[in-house]
Every structure is written in structure tokens, then in C-alpha cells.
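Chemist: Listed below, chain by chain, are the residues.
Number of protein chains: 2
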Amino acid sequence: MFEIKAKDNRARVGVLKTKHGNVTTPALMPVIHPGRQTIDVAKHGATIVITNSYIIYKDKELKEKALADGVHKLINFDGPLMTDSGSFQLSVYGDIDISNTEVIDFQEAIGTDIGTSLDIPTAPYVTRQKAEEDLEITLERSKEAVQYKKDHNIEMLLNSVVQGSTFTDLREKCAKELRQLDADLYPIGAIVPLMEMYKYSDLVDVVMHSITNLPDNVPRHLMGAGHPMIFALCVAMGCDLFDSAAYVLYAEDDRLLSTRGTYKLENLTEMPCSCEVCSKYTPDDLRAMDKKERVKLIAQHNLAVSLGEIRTIRQAINDGDLMELVEERCRAHPALLDGLRKLGEYSDDLEYYNPSTKNSAFFYTGPESLQRAEIRRHIKKLREMDKKSTLILAPPTRKPYSKNISGKLGRFYVYGEELELDLEDSDMMVLDLPFGLIPLDIDEVYPLSQNDAPKIKDADSVEFIEDCIEEFAEYYNQILIHQSIVNHYDFDLERIHPQSDEIRYIKDDIRKIKTIADYQFGIGSGDALFDGKVKIEKSKKTGKIRHISVDGNLVANMRASDAFLVLTKEGGKKLHQATTYPHNRVVVNQDSEPFTRDGKSVFCQFVVEMDENIRPGDEVLIVNENDDLLAIGKALLNSCEIESFNNGQAIKTRKGFKK
Amino acid sequence: MFEIKAKDNRARVGVLKTKHGNVTTPALMPVIHPGRQTIDVAKHGATIVITNSYIIYKDKELKEKALADGVHKLINFDGPLMTDSGSFQLSVYGDIDISNTEVIDFQEAIGTDIGTSLDIPTAPYVTRQKAEEDLEITLERSKEAVQYKKDHNIEMLLNSVVQGSTFTDLREKCAKELRQLDADLYPIGAIVPLMEMYKYSDLVDVVMHSITNLPDNVPRHLMGAGHPMIFALCVAMGCDLFDSAAYVLYAEDDRLLSTRGTYKLENLTEMPCSCEVCSKYTPDDLRAMDKKERVKLIAQHNLAVSLGEIRTIRQAINDGDLMELVEERCRAHPALLDGLRKLGEYSDDLEYYNPSTKNSAFFYTGPESLQRAEIRRHIKKLREMDKKSTLILAPPTRKPYSKNISGKLGRFYVYGEELELDLEDSDMMVLDLPFGLIPLDIDEVYPLSQNDAPKIKDADSVEFIEDCIEEFAEYYNQILIHQSIVNHYDFDLERIHPQSDEIRYIKDDIRKIKTIADYQFGIGSGDALFDGKVKIEKSKKTGKIRHISVDGNLVANMRASDAFLVLTKEGGKKLHQATTYPHNRVVVNQDSEPFTRDGKSVFCQFVVEMDENIRPGDEVLIVNENDDLLAIGKALLNSCEIESFNNGQAIKTRKGFKK
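From first to last, the protein sequence lines are chains S and Z. Going by my numbering, the first sequence opens with residue 814, and the numbers climb by one from there. Going by my numbering, the second sequence opens with residue 814, and the numbers climb by one from there.
Since the hints were made in silico from the structure, they are not lab data. Among the hints, erroneous ones may be present.
Repeated chains share a single entry, so a pair holds when one copy, or any two copies, can fit it.
Said to hold, decoys possible - Heads up, simulated DSS-like pairs for lysine-lysine below, C-alpha to C-alpha not over 27 Å straight-line: (1) Lys-1270 with Lys-1155; (2) Lys-1093 with Lys-886; (3) Lys-1077 with Lys-1354; (4) Lys-1105 with Lys-1093.
Take these sequences, add in the hints, and give me the full structure.
Modeler: Have a look at this one:
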């Protein structure tokens, strides 16, 4: 029903399958008002729409037509179609005259692709008692609906809405209970007031507490979120669907949507956008039109901007630079920036979902970038690495540092205790933004060279650098810091190490590949993989390491784009022998063993369990339940995701070990 | 020839007048390749274009046609048209076969609206000697061209290009010498390599050192700058014209422009934009087309995006939120962010050009916002204000603070020395971001209430707050800081002031209007304006002060939107009497005195001199050379600008004193 095609942080490009065709997500569903629609949203690029079943139900003529010809014909849209129940009306008017099962029956009867049960949208900031009582009913109705669907062989996909007001523990509870239901989609409800109040920080809490407790194999719909300003942030949190009545409602109010906020037509001297409407008309043109024509054109603008933003977001996920987009979009309003900063508190969760390698460079765009998954992951990995006695901190050069570092480095200051220096017993790292400490042996590994940051530093960056030094000083007996760093950061150090002249970066390819292996697969992997007579072949053109053989057997290739090791079968065997279950392993069931050995890719439903530390993009060992090595491959998802999916590729197998 | 219509920092919306009509600036001039153009740029919104006179000159057929029918007909564009000389060809090929005066003659002969002399584009980072030698020739030719134009009654407007490579003192020297020439437009040349190398920080230095030495009454053209990613930043520095060959060149290379950077078609899965082309086609559609058709569509996209961005920028200047746009756009690349941070070093210059009041709120978007003109200006003004003995720092509430501050404030900690507290001899300020210290008496004045910042603070903001306290502690005998501030910022204070219970904000309207007057017009203005029996009328609806009378005469109105005082004639007289020349004064010449007294607006050419501290938007006194008060009004420009213009409104007169 749903498949993930590309990932970036918690965001995913997915495909949602319905009776009326497939939809690529993230997607925006324009709201179609049955009987009142004037704009052909499909013509403007909409691939899925939403309409309100209760409005159809309440209008005799619409109801008859929908029951006779189907809802698709009624609203003249041939693609995937979602209907809402009367929940919104319920929240506004307090009462409606249809039951939960009736509204499900009706939606199925009119041929909806995705229907919704009758939840209770609980406003933000209500009393705890009110939120709990409402949630009770919402959960009951969701359970009833799912059961009803099963009992009555209802075909349509079913939404089960997460509620709980602004109580994050209630959102969590709701998500956990709904998770048990195996619903087809999980909307997150009643967040519109938060957006209207610009409470984006609370929105982030509500969404994150919902999504982190929902399964990964089901699309999440941020109900009522139709302003393009917030799409990027919400996609980064894992939202897949949005709906927009805003494109029409704002147009009726002479307001133009933009990723930067909202423009009132009355204040415009220019059409501030590149869409067709903004290119062809001036604000005066629009103001001179009669209302109907104007509303249609503004709605067309609003739709173009909203759908354009959704496409921009999908492209960013594919490119791996969604966070750069999010950080840009969140400058539209200080409250959005607050939301982004709040999201920083969920970095560890985002990190877990974030691929280990990407097509794009990491761009530092401000203090918020320091919270990003890539930096958190690097520092965490660095903590785990083996440490020598002395840490030598070299200044940044052009990247890759290890290629451009000079032979004679100059003077080094002593941070803390001064000891005799043994260069062989020292780790040499470059101190730079945004990754803090970059060991020269692994500096070509993604994203340690594939990044950029401004030269003029903000205070958070300086604090980050200072924190790195302070933390890592604990792990070493001696820290030596290059004079240019001391000057640049204005460190209060006085003693120059007497052996400064001896300090240089000694290139050692074998140490380098072992360090990369440890960084990539865990401590000890380097010694295990490269345990005999190592031969290293380099690219004649770039000088980069390409192939690594041990005792005449090719063990690994080094990928040029990100310097990660791609194991050969021989390498897989060595890593497998040297490490114990569950490290780097994905365990598949018995049935799939022959296919896996044959080199066929591993689908989610075949995975029994796996190393929780595997990230999307990681090179992995595929084993059976006896820990026999079946194949080597690349993980496409993390363990949570693989566990939750019953279909779709989990591991792209590189080579199988035939029996 | 050029007039300013709206301002924001150094940016201006202007009108450039040419034989073929007026152009609103900032404007983008698409480059038209004579004889090879396939896209009708006017249809897509271009209002001015640029073409190359040397290419026309070198092609026999084009040359004949241009001489016979004019260049407008040749390239089929009826509006304002600029031509470049052969400078670019000179820089590429090293030599060209036309002289400086010949190329001017030729451009005039083919009917160009704006022509260019033959400068030497000196690349960045050349030797000083090379830059100096080239500059010598460039200056000579500019002088020759201007003289030639005068001598031969040449009608076309003339560009004189600022060169000097990356030597900021040479750019400065060049700009200063060109300034003497009274050329019609000042392009800034040879910056394309800087953009190609992503040296935006150096670009900012080059542009700022050029522009700050050019007159304000002449448009500046950033030659060869055609990527929409950098338009906003460059407009903020005072650039008025851009030209784009990029829209075609990038299209020919299957690259799509965006304010976020450049997309390669081969990497696209989505059309990442809301323009007509991106709404109608998919990347696969484009890839399947034949090259000619594809290039045309991509060029159309590139043009739509570029022209859309120019309109967005003009709208932002009109709205007064250009810096928010700049700060957003500069997230596209860390090197652009570096450029923005570099621009922070020129804050005092931007402040001088920045209006004193705007239609939009100040949005904090990151540490760079702390460098903005509004904050610099406020802190500078605050330094000048009269100080009492004790400074009391209250925590922020909802804005306006003075309305929402509670009666009982709670405990205050002593920062520094503890003294006995006299509430009457205390200044009470709110400590908040982004404006640091906000005296409660002036908190409604723009932008002290009209602003927003994220609640989660970055380290620069915390440092800014700490710096504010540290600096202002010097001006007071005692500082008391509210406990919630101490907790929030984790200040290391221990003593609670024993009189904490007495501390509250005592509203006093007369003190308030006097403080606002001092803040607005300078110390002592409050006592001068409100020196008798003061009567204050408030809005029944909002409770805000509206009218202020003294001894029965209306002296000032308080503007609801920004709480600035707008003086009546009576108020003008009082301020005039109490202050001495040149404070708050604009001096007009004898000829214009009758018109000014009559209430007619003051044009730039009538202004003899003025208070250098007047900012655009300030309320001013208009006097004659004997310092007789002629009228009161509002400055539309700053003194530099008024001095440089020979036409256009300088002061919008409110009331004149008839003789």
C-alpha cells in the first residue's frame, strides 16, 4: 500500500497505492468543495484530492449523484481521492447527525479511495480532562471503524486520526494505541489552531510525539495544514500528506500564499512570485477584475506555489538537502525558526532515520545546522573510536584536508598537561566547522569533506568548537593545538610544545583504511578486514584509494564519492568472522535464504531481525538465523522501518554466497 | 533621470527614465543576443534589456540593419535598451578593433538608450600593479567618453564602469573619480569571477567600497550578475540593475536557475518551482524533447524565476522587509551566508540609509539579524538618552510591554553595587530580544513593539543581551535584574534587593511623551515640546495616545502605527525655539521659500544643507538660511541622498508657515 523510495532525516519520498492510481508523497491534496469547485486542480498539477463526505451526505442532490455515479464523477477528478468524515463540522457545530459506522458505509458506497472515521478533534490547550475524554471516544471510534472495515470487507483505505490536544503524552498514547490497529493511514488531527496561533514550537512537539510512535509503513497526513510556509519543516518530521483548503479560502480573502508567508493583495505593488499568474498580471490588473475572476486567478497562484513547494521538497529529499531547505524556509517567521530550534531536541531520532551517505554536500546555514543528524552522528562515532595518547589539532586547509595539509605545521600549544610527544601514539585531527573534529585518516568519508560553512563564525559555532575540545580533552593524556587555531579562537594558552617541529601528518594508507573501517563498521573491523599482506590500488587520475586486497584477494573497494568501503564477498567473510551477532547484520528468514544467496534483494517481510545501529545506506552482512553469511548488501531503511514494512526492498543485495 | 520611490537599508525602488520609457528598479536586463534571440523576453515580463554593441558592430549584416532601423528594431524590443561596449570581448580576447570614441559614436548611431564606454575589466586577485595600470586606462576612457558625449551633444545615457579588481582602495578611488564625472549610470564591473568562485564575502567588500563612494542619484548596475540567488543581497547593498545572460547560457547547459542555487536537469526527479514551465512539464518531458525546444523552455523557466525574484525584492523594499528576504536567500550557500555576515561590518552605513519607520515588523531570523540597522540605531539612540540612577530590568511580556507588565513584579537581583532604591530616580526597561533594552516609556515606538524573535535563543543573542547589560551597567549607579531574567540567562547573581516589593512600572503619560520626543528628536526635545499644561487625548478604542496639547494648543499627534510624534505647527515652533541649528533642520534656498511656506513639498535641488543625522522618515523642521522656520515635514531621503539629487522630492511638507 505504501513504499519508501528516498529518505532524508525523517522525511521520505514514498508511493501510496490506491484504487485510482499511485501517488508520490509528500503530496498536497487540494480540498474540493463538492458542487462549488471552479478550478480544475488536476490541470494545475494536483495528483490526489480530498473532499468532505459529510457535506455530500447532507446535501440531497449531491448525495444522490455520489451514490449513483461515485464521488470521483461528482467532483470530476479521476485520481486518488480521500474523504474526510464530519469531524470538522463536529468540532465547529458540536454535533452532527451521522454515526461512525454510517459515515464509513457512506464513504465506501460513494467509492472513496481513502475514508475517515469520525474522530473528535480536540483543540490545543484544553484541560487535561477534556483531552482525555475526547481521546477516549476517538480511540473507541477508530477501533470500531477498523473492526467494521474488516467485518464488512470494506475496500477503501481507512484513516485513523491521532488526537490528544497539546498533551504530548496523550498524543503518544493515542499513536501507540492506533499503531496496534493497523490502520491504512494515520492523520494527525487538530493542529490547525496551533498553526493559526503561530505555535510552531508546540506543533513540533505534537507532531514528533505522534509520529515517533506511529509505524513507519503507513503515510501520515497533517490534517488541515495547507500553508506552503510549513510544508518543508513538517515533511522533515515525517509528514507525507497535506491538504489545502487554504488555496481557495485565502484567494477569497484576496490573500496570496508564499513560502515566505502571506501577501495581502491590497498591499502589493508587485506580483512577488514566478508563477504564471504573477508573470502575466499586475496587482492593479487583479484589483480591477471582478471578484470571481480574481479569486480564480489568486487560487491558481496559491495552488501553483503550494504544489511547486511540494515538488521542491521531494527534489530536496532525493538530493539529500532537505534540511538546508527547511532551515531556509523557517526564516519566514521567528515562530517557525522557534519550531526548527525545537526540532533540534529531536535530533537523535532524526539521526536514526537519516541515510549514512547523500548526493549533496552538507551546507551550514546557521546555529540550527549544528543540531543536524550528520554532526550528531559524527561526534557519537568519534567518541567510540580508539584513542591514542595525544590528540593533535591541526588547522583547516582546503578539503580534503589530508591532501592539502602542509608538511611543516609550525607551533603547537599545550592544552592541559604537557608530556613527551610520540607521533606514533598520537591522533591527528583537523579542527573545523561544521564537524568539529575531523581525524585526518577519515577526512574523505562523507560528509567530512563534502560540506561547507561560512568563514565568519557565529557564537554557537565557537561554543561548539570549544565543547568539542573540552570533551575530547578528557579522552587523551595530552592535547596539542596549532597556533593558528589558538589565535583564531583566542584561546588562553601559553606553553608551546617543545617538540612542535616534529609534528606533521604522516600519511599511512593502511592506518587510513583501517580507521575508515572502524568508523564505518565498528572498532576492530579494520584489523579484521585488513589482516594480512595488504595491497592498495589507487586511481591514476585522482590518486584516491580504489581497491584493497589482502593476501591477493580483493577485500573492499573504496567509493570515490564518499570514501566508504564497499565489501567484496571476501571482505564480507572477514567482517563476519571477526564480529559477533548482531553487529552489521540483517537476519532473514529461512524461506528467503535461497533467493538471498542467489543475490536477490531482501524485502522487508523476509527480515527477522537486525542490528539496531544500521542506518539507511550502510553496508551490511545478510545472515540466516544461524548467523550463516548469505550475502552482503546495502540497507535502504533503518531497522524500525524494515520491521514495520510488509513489502518493499529492505536491503539491496550486492553479492550472494551460493551454497 | 533617476528618482527614488521607496527605500529599505541601502536598497531603493527607483524609476529610471530613458527615451524609450521608464523602468522601475531594481530591474533585471535579460541579455539579448542580436540575431540569435529566440525568446520574447518582453512577453515574459522584462521591462529593459541589454545587448552587445560590439557584436553588432562586428557583423556586417547586423551593423547595416542597426544603423538603418535602429537597435530596438534589430532585436525587436521597444522599451529601454542598454548596450555594452566590447569590454567583455576585450577581457576574453585581449584586443578588439574599435576605439573608445568609435564605440560611443556607434551606440549613439544605432539609437541605444544607455551606452557604455570601453573600460578594462580587471579580474579579481590580480597584482596590484596590473589593477592600477588597468584602472588608469579605465578612468581615462571614462573621462574621455563623458567629455566626448558633452562635446558632441550625444543624447544617450552613458555608463562609467567602476573597476579596481579586489583592491577595495582602488574601487574606492575609481568610484570617487567617476563621481566627479557626473556619468548617467555607474556599473560595477568584473565581479563575475567572484561570483563564479563563490567569493561572496569579497564581493560584498568590492560592491560596498564602490557604492559608498558613488553618488546616490545615479543607478548602479552590477554587471554580469544574473543569478537570482544573489539579487536580494546585492539590492540591499544598493545595486539597481542586473543583467542576465545566465537565463540562456544555463538553459543551453540544461541547468535551471533558482533562488536556492542551480539544478541540473539530469539530477531532477521533480520540477522544483511554481512557474508555468515547472507546472506543465516533468523532468522526463524535458529530457525527451529535442534540444532546441528544451532550451527554450528552460530559458523561460530561468527568466520567470529571475524576474519573479526581482519583483519579490521590489515588494520587500516597499514592505520594508528586504533584510528578512536577504537573510533567507543567503541560506542558499554557506559562501552567501559569509557574504551576509561580511555585510554586517557595514551596518553603520546601511543604518544611515535605512528609514526610521516601516510597514512591516522586524523579524529576527538568526545571529545576522543582530547586525541590522534597526538594532544598531536603537542601541545608539539609547546610549544618548538621559539616564537616572538606577536601571531596573524587567522581563518581557506580550507586546506592547508597557500595557502588559504586571503591577507586582516580584524579586530583583542586584548586579554590581547595592544602593537604596528610589523608584522616581530609576529607568525601567524590558530585557528582550532582538532589541536588548527597551525602556518601557518608549516601547510602543517602532520597531520596539513591532518585532518578533524565537523563544529558543542562539548563543549570539545571549551574548548580545549580556553585552547590553555590561555596557549599560557603566551608565548607572545601580542595576536591578528581575529574577526570571537571572534564571533564564543563568546569571551568577546572589543578592536580592531588599526593596524588591516596591518595584513596579508607574505609568506616567507625560514622562512617556517626553521620553519619546527625546528619543525621536534628541535630548531636551520633550521638555521643549511639552512645557506647559499638557493635555493628552487617547483613542477610545485602543487607549493609545492620539493628541497632545499644551496650554490649549495642539502640539503633536502620536501616530498609531509606530508611536512616533507628528508635530503640528505649534509643535514645530516649540522644537525650533528649543533647539539650535542644525538639529532636526533642513535648510532650503531663498527661491523655494515661498513655495515651502505655502506647504508645497521640498525638492532635492532646493535643499542647501541639512542635519546629517536625519534619516528617511524622520519628522523635520524646514528652515531658510537665516534659520527662520518655514514649514514642518517628513524627510523621504537622508542628507547624502538629498545632496546628490537634482530632482525629486526630498521632504514631504506637512504644514507651511505662511508669511
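Chemist: For each hint, tell me whether it holds in the structure or not.
Modeler: The hints, checked one at a time:
With identical chains, the CA atoms of Lys-1270 and Lys-1155 are at most 27 Å apart both within one copy (22 Å) and between copies (11 Å). Taking the closest pair of Cα atoms, Lys-1093 and Lys-886 come within 27 Å of each other only across two copies (24 Å); inside a single copy the shortest separation is 32 Å, beyond that limit. With identical chains, the CA atoms of Lys-1077 and Lys-1354 are at most 27 Å apart between copies only, with a shortest distance of 25 Å across copies and 57 Å within one. In this assembly of identical chains, Lys-1105 and Lys-1093 lie within 27 Å of each other by CA distance both inside one copy and across copies; the values are 18 Å within and 24 Å between.
Hint violations for this structure: none, all hints satisfied.
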